[in-house]
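Peer 1: Below are the chains, spelled out letter by letter.
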Amino acid sequence: MGGLAEPFQFEFFVRGMVAATLVGVLCASVGVYVVLRSLAYIGHGLAHSIFGGAVVSFVSGISFYIGATLWGVFTVLLINGAARRRQIGGDAAVGIITTCAFALGVALISRHGRFTRDFDAALFGEILGITSGDLYVIAGVMALAAVVIFTWWKPLLFTTFDSDVASTYGVPVAWVEALFSLVLAATVIASLQVLGATLIAAALVIPPVTARLLTDSFTRMFALAAAVGGVSGLVGVYISWFVDVSSGATVVLLQGALFVVALGWTVVRSRWPGTGGGERLAAIEGATLD
Amino acid sequence: MVELAPSAPGHRPPPADPADQALVELRRYTTGYERTAVLHDIDFTLRRGEFAGIVGPSGSGKTTLLRAIAGQTRRFAGTVETHPRAGERALRLGYVPQVDAINWNFPLTVGQAVLLGRWREMGWRPWPRRHDRELLGHILERLGIGHLANRQIRALSGGQQQRTFLARALIGDPDLLLLDEPTSGVDIKTRHEIMHLLGELNRAGTTILMTTHDLNAVATHLPRLVCVGEGALVADGAPEDVLTPEVLQRTYGAEMLVLRRGDAIYVVEHLDEGMSEAESIPDEVGAGASPLGG
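For the record, the sequence lines run as chains U and L. Remember, my numbering sits 174 above the position in the first sequence when you count from 1. Remember, my numbering sits 1171 above the position in the second sequence when you count from 1.
Keep in mind that the hints were calculated from the coordinates and are not lab data. Quantities reported herein were computed from a predicted structural model and do not represent experimental measurements. Please note that the accuracy of each hint is not assured.
If you want the footprint, here are the derived chain L segments under chain U, 3+ residues with CB under 8 Å [unchecked claim]:
1. 1241-1249
2. 1276-1284
3. 1292-1303
Under 7 Å between C-beta atoms, here's a sample of chain L residues computed to sit facing chain U [as the list claims (entries may be wrong)]:
4. Leu1264
5. Tyr1266
6. Pro1268
7. Leu1287
8. Gln1323
Label-pair ranges, simulated between beta-carbon atoms [to be verified]:
9. Gln1269(L) with Trp349(U): 23 to 33 Å
10. Gly430(U) with Arg1219(L): 56 to 66 Å
11. Arg1301(L) with Thr325(U): 18 to 28 Å
12. Ala313(U) with Trp1298(L): 18 to 28 Å
13. Gly1294(L) with Gln183(U): 40 to 50 Å
14. Trp1298(L) with Val434(U): 27 to 37 Å
15. Gly314(U) with Arg1301(L): 30 to 40 Å
16. Ala1261(L) with Ile413(U): 48 to 58 Å
17. Phe324(U) with Glu1205(L): 27 to 37 Å
Where is the CB? At the ideal position from N, CA and C, for every residue including glycine.
Start from the sequences and build out the full structure, keeping to the hints where you can.
Peer 2: Here it is as structure tokens:
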């Protein structure tokens, strides 16, 4: 077997491709809510913080998934607690807590004296090193995210749009936010091996923002974001085989290219009045700069 | 005249007619946010079918009173009692926030925004059923925005935006409609349309409580006014009873004049020298035109 079908003869490649596709859909779906709540920074911070958790779990000799989950949930709770204090603010709380957690990981590595392949993977991703166990974890987190998102579709949307008003309509906002934090932490942990801490934020943010450029409907934005995430995962890993570039980086670069195409399309459309392109462009600028 | 003494502890409002059904009752209620109490020792009762407005200067506690009734503030002292319909544990509230508080960049169409108000009835289904869509169409038509169901919320006029969020409040079949400055930042025509619509809803049985900054074009036309000043209820009653220079002085901390022509009331901060009272009343008010219609 050779040519374009060549990589499919390798089981590790097929596993990596499936993992990247699932992680692409998962990050993009969860990322829709992250972007619309202007929390893009939290995805970035959480990924770095969980890297610290990965190191701590390695040093303590416990499972990466258990250690990172506990660490991730602890970090989210700390951020929520700190952000409630008016003097600090959400962005500063994320900045302080997640970088400190990351620094703790780096400190432990330097003290431990070894920088193993696992840490390399946690930082930069190792799609082709994905095991069946990793795939099960990704599929499990995806099922959790699907259950939370689809059964709580309206409460989650209402809370994302306006949490104060949602509570007056009887939405259990605190529960919705706690559950979403759990799904976000689980998503970052499941994606760590595939994309690495440095690239997760991109996978959370780029597909939803690309989708937002193309539609004004929440339902269509969600579907488009998931499609962009999944297709870029699938195609990105495939391309990376032939260009011999890191798979995670190729996936993110492909997402970036799709974003540029969507942006170009919106700019062109904005020249034609009545198409909504100009308004969407303004909406994206407002959403990302706020 | 129902003027409340600000320093009278233990004050009680006049006993309600037993035939009136109270919807919300605040008793000696002190409330605010985090560690700061904003409203102190409030006694306030809202009965079914009422249409009341809350007026007062910025920072006086108008919105806090609205949010206290919506259960969004912290209780420091006192009690709040609500009387939901039979078989329900809590009041059904329809809350219309200030337009400034809404994220207009959010990718929501009018239909999607309005259906959020029906989240409870729609259960776990992400997509609306036929009955939900029919109800949505009915509400949008009733409010005159039936043709805008697929329009993004940002691409609407001020009046259409207010109607959208009014529709979201109404689709949940609320016991009480709470509106925070519904006429703020809209032009005169839109303000008339909104007030006319609210008047119609009230005549159809909806209980309404709203805050407003607009004394002359809105507050003077409401059946009941609550004046809030420096965190306390200053007065509560019909506009012709509560809108007096003394009450306004205590509410706003500024000297104001109240001019009357027939049933019309007009509040001015001061009169220019040489200007007679009759001259100073605009025709719109002088003619007694009520934006509530009916």
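Peer 1: Take a look at whether the Cβ-Cβ distance between Arg1301(L) and Thr325(U) falls inside 18 to 28 Å.
Peer 2: holds, 21 Å
Peer 1: Can you tell me whether the CB distance of Ala313(U) to Trp1298(L) sits inside 18 to 28 Å?
Peer 2: holds, 25 Å
Peer 1: Between Gly314(U) and Arg1301(L), does the beta-carbon spacing fit 30 to 40 Å?
Peer 2: holds, 35 Å
Peer 1: Is the interface hint satisfied for Tyr1266(L)? The criterion is a beta-carbon contact with chain U at less than 7 Å.
Peer 2: holds, 4 Å
Peer 1: Is the hinted range of 27 to 37 Å satisfied by the C-beta distance from Trp1298(L) to Val434(U)?
Peer 2: holds, 32 Å
Peer 1: Tell me if chain U covers the segment 1241-1249 of chain L under the three-residue, 8 Å CB rule, please?
Peer 2: holds (count 3)
Peer 1: Should the hint that Phe324(U) and Glu1205(L) are 27 to 37 Å apart at their CB atoms be regarded as holding?
Peer 2: holds, 35 Å
Peer 1: Grab the minimum C-beta distance from Leu1264(L) to chain U and call the hint holds if it beats 7 Å, violated otherwise.
Peer 2: holds, 5 Å
Peer 1: Given a hint of 56 to 66 Å, does the C-beta separation of Gly430(U) and Arg1219(L) actually sit inside it?
Peer 2: holds, 58 Å
Peer 1: Checking C-beta pairs, does the segment 1292-1303 of chain L have three or more residues closer than 8 Å to chain U?
Peer 2: holds (count 5)
Peer 1: If you take the shortest Cβ to Cβ gap from Pro1268(L) to chain U, is it below 7 Å?
Peer 2: holds, 5 Å
Peer 1: Please test the hint of 48 to 58 Å on the beta carbon pair from Ala1261(L) and Ile413(U).
Peer 2: holds, 55 Å
Figure legend: structure checked against the earlier numbered hints; every hint is met.
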